[in-house]
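Undergrad: Sequence:
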Amino acid sequence: MRETHPKLPEDLVADANVRVVQGELSNTAQLREAVQGGVNVVVALLGPVANNQGTPVTDGLKVLFPILKEHGIKRLLVLGTPSHKDPLAKATLKWRGLIGLIKLIGGSAYAEITGLGELTTSQPFDELEWTFFRIPFLTDGPADAPVQEGYPGDGKDGLRLSRGSLAKWVLEEVESRKWVGKSPLPVQQMMHLVIVAKWLVVLCLHLFV
815 MRETHPKLPE DLVADANVRV VQGELSNTAQ LREAVQGGVN VVVALLGPVA
865 NNQGTPVTDG LKVLFPILKE HGIKRLLVLG TPSHKDPLAK ATLKWRGLIG
915 LIKLIGGSAY AEITGLGELT TSQPFDELEW TFFRIPFLTD GPADAPVQEG
965 YPGDGKDGLR LSRGSLAKWV LEEVESRKWV GKSPLPVQQM MHLVIVAKWL
1015 VVLCLHLFV
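Each number in the working numbering corresponds to the 1-based position in the sequence shown with 814 added.
I should point out that these hints are in silico values taken from the structure, not numbers from a laboratory.
Bear in mind that the values here come from a model prediction, so they are computed numbers and not experimental data.
Beta carbons: idealized from backbone N, C-alpha and C, even for Gly.
Don't take each hint at face value.
[Unchecked claim] Pairs of lysine-lysine residues, derived as DSBU-like cross-links and limited to a Cα-Cα distance of at most 30 Å, are as follows:
1. K904 / K996
2. K883 / K904
3. K970 / K821
4. K996 / K970
5. K908 / K970
6. K970 / K904
7. K899 / K970
8. K821 / K982
9. K888 / K908
10. K899 / K888
11. K908 / K821
[As the list claims (entries may be wrong)] Here are the computed distance ranges between Cβ atoms for each label pair:
12. V988 / P960: 16 to 24 Å
13. L918 / G886: 37 to 45 Å
14. V877 / R910: 28 to 36 Å
15. L985 / G868: 30 to 38 Å
16. E838 / E884: 25 to 33 Å
17. S990 / P823: 37 to 45 Å
18. G978 / T842: 29 to 37 Å
19. L826 / E986: 14 to 22 Å
20. L952 / K917: 15 to 23 Å
21. L985 / D825: 16 to 24 Å
22. G995 / K876: 33 to 41 Å
23. H885 / G964: 41 to 49 Å
24. P880 / P956: 25 to 33 Å
25. P956 / S990: 37 to 45 Å
Make a model of the complete structure from these sequences and hints.
TA: Rendered as C-alpha cells:
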C-alpha cells in the first residue's frame, strides 16, 4: 500500500493484475481494504525517513497486525536494519559505530527501527509466520548480483545491497520460507576476497614461473 500514486510507475498502476489502495497506516478501514481479495502474504517495505519524528510505521503495524490475524493472513515479511538487536548478531566495531551514528543524527529513526523489530519478532508463530529482514545500505546496482545471508558480525555482513537484489531476495524468501522466525541480513556477496586471491596467484606466477 502506497500513500501517493506518483511514486509508482505508470505501467505498474495500469497493470490489470495490480490493485493499488491509497491510504494511511492509521486508517483501519483502508488497511482492511488493502488485505482483501485473496492476499496470503504481506511484505512491509516501510521505514523511517529523513528527520523522522515519532514512530508512525511501528504505530501503523500495531494496527495492521490484528487485521492480518482477523483475515487469516499468516505470512509476513518486514523490513528493518541492523539497529534491531538479535541474539545471533555480534556487536562488532563496524556495527556499533554505524548504529551509534543513527542514534546521534537520525532523529527518531533508531526508535522506529527497534520498535518495528520488537513488535514483529514478538508475534506468536501460530498467528504470524514472520521474517524480519535487516538491510544494509541500498544501491542501484544490478538485480542479478549474488546475495549472501547471515547476521551482523559473522564475517559475511557486507554494507551494500542493490534494490533489485533485495526485491529478488524477498520473492525467493516468500517461496522458500528459509528465514521464518528469524532476522537475517541479506547483503551483496563480497567478491573482494576472490579478487585478491586471483591477484596473488598471478603475482606468484610472475615471480616463480
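Undergrad: Next step is simple, just say for each hint if it's right about the structure.
TA: For each hint, the structure was consulted:
no.	hint	verdict
1	K904 / K996	15 Å, holds
2	K883 / K904	33 Å, violated
3	K970 / K821	33 Å, violated
4	K996 / K970	17 Å, holds
5	K908 / K970	13 Å, holds
6	K970 / K904	12 Å, holds
7	K899 / K970	17 Å, holds
8	K821 / K982	20 Å, holds
9	K888 / K908	35 Å, violated
10	K899 / K888	24 Å, holds
11	K908 / K821	33 Å, violated
12	V988 / P960: 16 to 24 Å	19 Å, holds
13	L918 / G886: 37 to 45 Å	43 Å, holds
14	V877 / R910: 28 to 36 Å	33 Å, holds
15	L985 / G868: 30 to 38 Å	31 Å, holds
16	E838 / E884: 25 to 33 Å	19 Å, violated
17	S990 / P823: 37 to 45 Å	27 Å, violated
18	G978 / T842: 29 to 37 Å	34 Å, holds
19	L826 / E986: 14 to 22 Å	20 Å, holds
20	L952 / K917: 15 to 23 Å	20 Å, holds
21	L985 / D825: 16 to 24 Å	19 Å, holds
22	G995 / K876: 33 to 41 Å	20 Å, violated
23	H885 / G964: 41 to 49 Å	33 Å, violated
24	P880 / P956: 25 to 33 Å	39 Å, violated
25	P956 / S990: 37 to 45 Å	22 Å, violated
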